[in-house]
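2 protein chains.
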Amino acid sequence: MTAPNHRGAPRRSRRAGRPGADEPDLRQLLLDTAIAQFARVGIGATSLRAIAAAAGVTPAMLHYYFGDKARLTQALIDERLLPALTALRAQLELAGDDPAALIEGFVRGLGEVVARHPWLPPLWVREVLCEGGALRDAMLRQRAPSIPQMLAQRFAKAQAEGRLDAALDPRLLVVSLVGLTLFPVASAPVWQQLFGAQDLGADALREHTLALLRGRAGITTPGESR
Amino acid sequence: MTAPNHRGAPRRSRRAGRPGADEPDLRQLLLDTAIAQFARVGIGATSLRAIAAAAGVTPAMLHYYFGDKARLTQALIDERLLPALTALRAQLELAGDDPAALIEGFVRGLGEVVARHPWLPPLWVREVLCEGGALRDAMLRQRAPSIPQMLAQRFAKAQAEGRLDAALDPRLLVVSLVGLTLFPVASAPVWQQLFGAQDLGADALREHTLALLRGRAGITTPGESR
DNA sequence: GTAAATTAATTCATCATTTAATTATATGCA
DNA sequence: TGCATATAATTAAATGATGAATTAATTTAC
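So the protein sequences, as listed, match chains G and R. The first sequence begins at -9 in the numbering used here and counts up by one. The second sequence begins at -9 in the numbering used here and counts up by one.
Quick caveat, the hints were computed from the structure, so don't treat them as lab data. Check the hints yourself; a few may be wrong.
[Claimed, not checked] Coverage of chain G stretches by chain R, computed from C-beta distances (three or more under 8 Å per stretch; other residues unrestricted):
1) 25 to 34
2) 147 to 154
3) 175 to 181
[As the list claims (entries may be wrong)] With beta-carbon atoms standing in for the labels, derived distance ranges:
4) G:G57 with R:R61: 31 to 41 Å
5) G:G86 with R:P108: 32 to 42 Å
6) G:Q183 with R:G191: 28 to 38 Å
7) G:Q188 with R:P73: 24 to 34 Å
If you're wondering where the values come from, they're calculated on a predicted model, not measured in any experiment. Where a beta carbon is used, it is the ideal one built from N, C-alpha and C, also for glycine.
Whole structure, please, built from the sequences with the hints as guidance.
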């Protein structure tokens, strides 16, 4: 009776008692499972019960490792979200000052981060950008590595130096940029169903976004794009 | 006099008993209240309790008028969402065949709809596009007035006739367009807080989006834009 | 034998839903 | 016109489900 294996769940059928040294880290597994569920149906809609069941353990384990739901999401932020964003920001630091390169770097860099953390777009768009719940507050309080502010500052500098169309509000350019990169990925299932197409993958989306942005903001095929 | 209409507690203090003919329609008030709450914190996160309290009545009234929560959201779709979308589609029918005019018509038309239904972007983005819950299924099943498909078809036609850059996937262009128009509005509170600015209003967002799209997709200031 | 990890069972809160009672309006009838 | 009664709208209270959080036991590695 190792727990019936429906859905995607591993169901490790964890043996009770103190684990051996070679046992996989349950805490990390719980975080992964929680993130997957959160990304799929949202934080509010996933019960600790469901997370525990998907991980093949008892809900009490979540309390054992994290305390309560609030501290679980806090751990999610501290141990997963912030590192991912910090990595993205580090990538952007290298992107240089040219707005075209900056935009291309942001779109491609975010693409790479998302490839490694597929849960990020839906969770981010729903819970942080559109929800107004605890996760947003936690993120904004966190003095997170604010990529938007950094981008807006660089865009403003580029405008001051005449390297970017001064008619564009730098902040709104950032908003559009974030929307163009996160929104299509986060909403991909809808479009696939609506258009009956499975080929609206991440790569196609990213290249399309870049194609759309070229010709604007001084972006004119900055070299490596064919 | 009738209802001190601020945020959480209008408290109409509705008199018990059969109402007179001049009494306002409670059913509509409940729909409005539900929509406001849904847009603010999401469908899953709002309790019928909260809706009833905000409307100044007992939760039992929701059962009286709608039956249960599922039929409440169904009524929301039937009586609010679909009419709003039908109106938008009707506007688009008039926008003509030129892709530039079509895009401008879409962005401006959606802007007008949103101005009259401010609850639409957050609810739409969160529940339909990013959630995967009942509302999405209901919408897609509904054979809703599918604006995305209509736009994609017209874009494809324009490409066939050489009036639109053939390098753009029409479907992805639609996705980007929807994202560019809905996402910034739906996520406005975050940006206002992040940038410490209150001036990121709907008008500025719309004009910025159009400015961003011009120069692309053959959109070159199609006449009335200054 | 001891401490860490885990489960099973329990408690408490919240929420959706239902039922029974209550209030006031409208309507029929004299 | 005045009164009685049916009926629509509403409340208050009860029910049942679900989920978060807790506690006490149980298992196993060291």
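Right, here's what the structure says about each hint:
no. : hint                           : in the structure
1   : 25 to 34                       : holds (count 4)
2   : 147 to 154                     : violated (count 0)
3   : 175 to 181                     : holds (count 5)
4   : G:G57 with R:R61: 31 to 41 Å   : 38 Å, holds
5   : G:G86 with R:P108: 32 to 42 Å  : 40 Å, holds
6   : G:Q183 with R:G191: 28 to 38 Å : 33 Å, holds
7   : G:Q188 with R:P73: 24 to 34 Å  : 32 Å, holds
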